[in-house]
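Q: Listed below, chain by chain, are the residues.
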Amino acid sequence: MTDMTHDRAVAPRRSAGEWLHSLLSMPAGAILLVFIVVQLACIIAGLLFPDDFRYLSSANMGIMMRSVPVLGCLALGAGVLMIAGEFDLSIGSVYTLTAIIMAMLVGAGVDAFLAAPVGLLVGAVIGLGNGFLTLRFHLPSFIVTLGGLLFWRGAVLLINGAVQVRFDPNPVFNALFSGTIFGINAAFIWFIALCLIFWALLHRHRLGNHIFATGGNRAAATAIGVNTGRIKMIAFAIAGFMAAFAGILATTRVGSVQPGQGAGLELQAIAACVIGGLSLRGGRGSILGVFLGVMLIFTITDVLLLMRAPGFYLDMFIATLIVAASIFNHGLDRRGAES
Amino acid sequence: MSLLELHNINKTFGPLKALTDLSFEVGHSEVVGLLGDNGAGKSTTVNMISGIHQPSSGYISVDGQRQTFANRRDSAEAGIETIYQNTALVDCLSISRNIFLGRELTDRFGFLDLKKMREIAMQVLESAVHISGIDSPDKLVGDLSGGQKQAVAIARAVFFKRRVLLLDEPTSALSVRETEALLNQVLKLKAEGVSSVLVTHNLYHAYQVCDRFVIMSHGTKVFDVAKADTTIEELTQHVVLT
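Protein chains in written order, with this note's numbering: chain A, 42 to 380; chain B, 36 to 277.
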């Protein structure tokens, strides 16, 4: 280690190999590298074949910016919870439920600026409920939230039936969540802003320190005086809240809610987190990783769509990505455990 | 007046009697060896002093003041730090974040003062606890060796000005050289006025640094002797035969 710093002092211009090594040892470094390579390849292909591969067209950019934020917000919430050492499989159902509640309230004449916070509150409360059941009865959160997935999916059909609900908020609300500012989609701006907020909370705030400690070594965190139960409850609440926020973004964009729209999203969110380098056992990961995980899923989706590949290629690509990322991260985990 | 005293402590877990009428004391600048075979009640005693378990009857006092430790934070506030065999450190966090875990330096909004935490961590690691191989407070604790981890835990205790260190089987996972460094550390801290309780069943390590020995068997104290008045053979006999 001292040798390395010495080398650096003598020769500040590091070789490409060293640069690559320091990038790969950074948290989320590998995924960043993959992301940059994929982006460069897409941009070059887009410049070389502007007619056949319309990656750089404004229409394509617009589609990307509109589709990323929903999964992105779900993944941010799921990611924080995963770092705290728990899962939430119910976020897809909660996302639909809170969107339906919000749309029904607006349909009944409630102002959207009042209905949306109600949706967010419901999401956070359901998250707290998951946390309570998990911690109070010492259950795996996987089981508790698998129950939540089915329960709230059923609840959507119970309160609404299998019909779609129109969402017609006031124009200000629409502009705020699905408008366009300087050519950039509002939902995408929300997503970027939330990424920055989550980054600050997780990597620069006391709460984040406690979340990492809780997921990384709960016994040690408890022994040192961190209230790990409370930290997990907060993380569950954040996951539920972000599911509801994703619901607001999706509903405002489409202008309606389909009762079946959330199915499978929870797994995609977890997939994005795993691709982004979060450990399934908690304590390891970064917000940059979650962001890149989401972006990579959508970039690959987009590329396959632009190349007019059939849909099943998409699933196969994502599957390969998840497993490859896990193998890589498992190697990192093991290296940490052995030394 | 003793720094830390246990008064007639009993502890039962349901029908199981873990500790019976246990009393002993730790003086200022004193290293006490708490010895005994497996199952003698050493760990229960440590957990009690650090606030994880509460006595069923009897009490603990610090500086003659009666204390009730409801949790580990209470004992820490009274100046007692416990360093466990699987030291209470989080592998996926850096050294400086571990040292300040639960007691982070923040602004009034709760955001971390990472720069200051780094500087202090580096300072503590360089001055108070000297264990080679730690060159940066940004290193992840998971990348450290067993001895280095305990050095970090001790650095934490030193920085927060603890007066009594409870070291629970500190040498069990250490190499010979690391053990030597750790025992020297205990002596150095003693010179600075920090008392230690060394919980171990390795009599040779205890004999090297302790001023007094408390031997436990079946949940109670069977022998309490100053180093000057005993030999390692006598200690061995009490541990083995009682």
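There may be inaccurate statements among the hints.
[Unchecked claim] Chain A is faced by these chain B residues, among others (derived, beta-carbon under 7 Å):
#1 A105
#2 R132
#3 L136
#4 R198
Bear in mind the hints are in silico, worked out from the structure with no lab data behind them. Where is the CB? At the ideal position from N, CA and C, for every residue including glycine.
Q: Indicate, hint by hint, whether the structure satisfies it.
A: Consistency of the hints with the structure:
no.: 1; hint: A105; verdict: violated, 12 Å
no.: 2; hint: R132; verdict: holds, 6 Å
no.: 3; hint: L136; verdict: holds, 5 Å
no.: 4; hint: R198; verdict: violated, 18 Å
Violation of the numbered hints given earlier is confined to hints 1, 4; the remaining hints are satisfied by the structure.
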